[in-house]
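Visitor: Top to bottom, those sequences are chains F and D.
Residues in the first sequence are numbered consecutively from 1, following my numbering.
Residues in the second sequence are numbered consecutively from 1001, following my numbering.
If a hint is listed, it holds; no wrong ones were tucked in.
If you want a taste of the chain F side facing chain D, the calculated C-beta under 10 Å gives, among others:
1) K255
2) T256
3) L258
4) F260
5) E261
6) R263
7) K270
8) A271
9) A272
10) Q273
11) S275
12) G276
13) V277
Think about it this way: if two alpha-carbon atoms lie no more than 27 Å apart in a straight line, the pair counts; the simulated DSSO-like pairs of lysine-lysine are:
14) F/K278 to D/K1374
15) D/K1275 to D/K1316
16) F/K270 to D/K1316
17) D/K1275 to F/K278
18) D/K1121 to D/K1090
19) D/K1316 to D/K1280
20) D/K1374 to F/K270
21) D/K1205 to D/K1241
22) D/K1334 to D/K1280
23) D/K1316 to D/K1488
24) D/K1126 to D/K1191
25) D/K1090 to D/K1126
26) D/K1488 to D/K1275
27) D/K1030 to D/K1191
28) D/K1191 to D/K1205
29) D/K1316 to D/K1334
30) D/K1316 to F/K278
31) F/K270 to D/K1280
32) F/K255 to F/K278
33) D/K1323 to D/K1457
34) F/K65 to F/K83
35) F/K255 to D/K1334
36) F/K255 to D/K1374
37) D/K1334 to F/K278
38) D/K1400 to F/K255
39) D/K1334 to F/K270
40) D/K1323 to D/K1334
Think of the hints as simulated: they come from the structure by calculation, not from any bench.
In this text the structure is predicted, and so the values were computed from the model without any measurement.
Note that CB positions come from ideal geometry on N, CA and C, so glycine has one too.
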Amino acid sequence: MSGRGHTRTRTHAAVSGTRQTPGTSAASLPLRILRYGRTQPLLISAIAVLLALVAISLVIIAVGKNPLQVFHSLLQGSGIVPKPRYAAGKAMITDFLGLLDAMTPMLFAALAVAIAFKAGLFNIGVSGQMLCAGFLATIIVGYSGLGALMAKPLVILVGLLVGAALGAFVGVLKARWNIHEVVSTIMLNYIIQYVVSFFIKSSYIDPVSRSSRAISSDARLTLMNVPLGDLSTRIPLCFLLAVAVAVLLYLLLMKTRLGFELRAVGANRKAAQYSGVKSSRTLVTAMVLSGACAGLAGVTYYLGYFNTIEPGNLTSVGFDSIAVALLGNSNPVACILSSLLVSVLTFGSTYMSSAAGISEYIASLIVGIVLLFCACSGFLQYLINRDRSRGRTLHNVAEGEGRDDGEGEGDGEAPEAGEGDGKTPEAGEAS
Amino acid sequence: MPESIVEMRHITKRFPGIVANDDINLSIHKGEIFALLGENGAGKSTLMSMLFGMYEPDEGELIVRGKKVNITSPAEAVALEIGMVHQHFKLVSNYTVTENIIMGREPLRRLLGILPYIDRKGAELKVQALCDRYGFDLNPRAVIEDLGVSQQQRVEILKMLYREAEILIFDEPTAMLTPQETARLLDIIRKLRDDGKTVILITHKLEEIKQVADRCAVLNRGRLIDVFDVASTSTRLMAAKMVGREIDFEVDKTAPVFGEVILDVSQLTVLDAQKVAMVKDVSFTVHAGEVFAVAGVAGNGQVELADTLAGLLAAKEGSISFKGENITRASVRKRTVEGLAYIPEDRHGVGLILDFPVSDNLASKAYFRPPFAKGPFLQQFAFRQYADTLIERYDIRCSKGALTPVRSMSGGNQQKLIVAREIDADGDLVIFVQPTRGLDIGATMGIRQRIIAERDKGKAVLLISLELDEVLSCADTIGVLYDGRMTKIAPANELSRNEVGEYMMGVQR
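Build the full structure now, drawing on both the sequences and the hints.
Guide: What follows is the structure, given as structure tokens:
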């Protein structure tokens, strides 16, 4: 949209002489870089993170600690920077594999939110879908005593199917009866939370831990205590699967017919219908994909990162993933980076609180602040583009017609662009 | 020398990449109707927005009643007794007329001398008094969403009068009105002037200026071209000043050559989402090589009729046959593939995906088949190539070619994009709904010529328009929709302008 130098002008029968269009723009250079359309989402996310780090630093300074040291220990805890010393059998690599183990469900959950966003749906029920998939996989496969070669793929399959089924249910409610997915997924969250809690407490409780009984290690998607030289590490089997799913979803969205339909429905459902897209079917498909990702998040969380389910709780992963997806601008590949970042904050915080002497509460505050700023990325975008949208209608003249050489504003048919959808300067200003 | 109430001296306003107003000097006299004429994008609205405090000028000064002023917000403009009726009304749709009018200036009374409450009754009386004074037929207790466009506009006018505005700015007030409603509005404007108000009328319709305005200023691409007395200037000369060249108003049209029946609609009834019948028992046929134009006042079932033909709404009763095949229950996709092209009224809401680039929008009805897709996979190259071809062929101007986001394009070019997509699909029937709404004369004439060109190629054209001029200049056959019924169908040359107008108002049954 900006990028003034890229204008490909078509001069048109100039009317009454030429007029010099000012090349000078009101915007300063940094602002113009920020407004460059293609990289803007990335830059905005980076700014959101930066602002969050500044805000966190203020909090940390307020409690009398050194923010740099805190950030350093977060990285140490995540196995990205070495710690001064390690317990027996532990090293940087074991910490890092632990980080990937925590990140796997986060990435799946973020993909679930992102793919739904792309189709214009807000799947706020990722946590419930995770729990349902995790619970069913636990009782079907986790307690079955099947061998690892059978059990592990089966766990993934159950997660996928349960999530997809829940997604389909929500999608059909939306497509068939226009029941808003936010409402139905929140309600499903409660239903799943209490129903699962009931069954765990009545049938699957471990009297000591007050959680569900631990699943067999054959069914677990994370290998525990794997000897690696003289180290003993966990290995998240599904991490590469999550990355692959992210890439596949990206290709699906950008390079296939289904992806085109999905994005079209998300960007403008009516226009998609007008173009002949069956929007109901597309919505259901999007929710199935979203639910399937949430299901995978569920099994990698409850049958991977953990091996039990605590009754009566929904995990915060499903909710954090909303902000993670926003931070990644709903781009599946960018979600890999944003979920890595948030995982560093959550996973590294345990070590950070002991090393830097800050209570765990401050640690979760840090995560909260980052997610808050991520969620505000829309507002940041508004701030950056603000005075451009003020001049929007006239800007369009410049956009569509000879901007650089300033001739040929042929039939100056500009301002309607903004008026039709009520985005006139008046609409923005007078209200 | 008449007393000048508003004076603009060397007003300049820049937006990134463009000078919207360039060194404008104007003097508006007290008690006159001053018209501001210019094409879309000429800077008329911007200039008046500065008077109304929505923008501040970069250079120059504003003088109101002899005093230099600095208007930084609409509230300050209101304090200077300046009011504005925007093209898109700013009303709360589930509030009553009175509530909308008093909003922000609610007359308060105190119950038992303590508890403040809004004096609704008093306000209603005051609004009623204003209605009586200006002859508005308006119930102060009516809810906005139950009112028609022209009545809503009157509410906007009352809002200004309630605030005792002396300088009234109308921004394209007739854009959404029928000929009859327009005539009534112009009467109101005259009455306001006779009442001592100063009226500034922003428009690109020459007829209106000729009818009511005392003086007229012409803007072209941000510059003031001329100010003249309306009485002594011909419409043709005004048009030439406005666009900077002579404009041919006539659409060249040869006698039609009708071919076989392409579209046959029979006893069609359509319900809207609230189960209210919007199209009632409508029957008509469109032949190859014929422009069938549907005239009617907004909201009489036009959009529902077009949506049903395109497959976006389901028919309750009746049948639609296209090229001899019954398509009443066919999907949108099937109709598109069979050769039914549709240029919808709502460009932004229906016709385009604003966040998608030009290339995706141009291919949005064909993305699923070769060359755009091979199996399930899209061929980006084909999208790009097709877009480049159409951009060239239909002169769509977009700054970054095929990848320009449609949102950033001007309205005229967005419409050109839709027309290019639909016409290039080379179907047998093209449905145009309000194809020139909001476009300026140059773009409008381009689209109308395109309509005739399609007809001459032997296509069937269904043109649904609220603009009587458009219907009259393009139609071979005219059908009038009133209250969902096709009340009249006749060859265009057998109906006079007035007759069509009367059918549109439901006078002749």
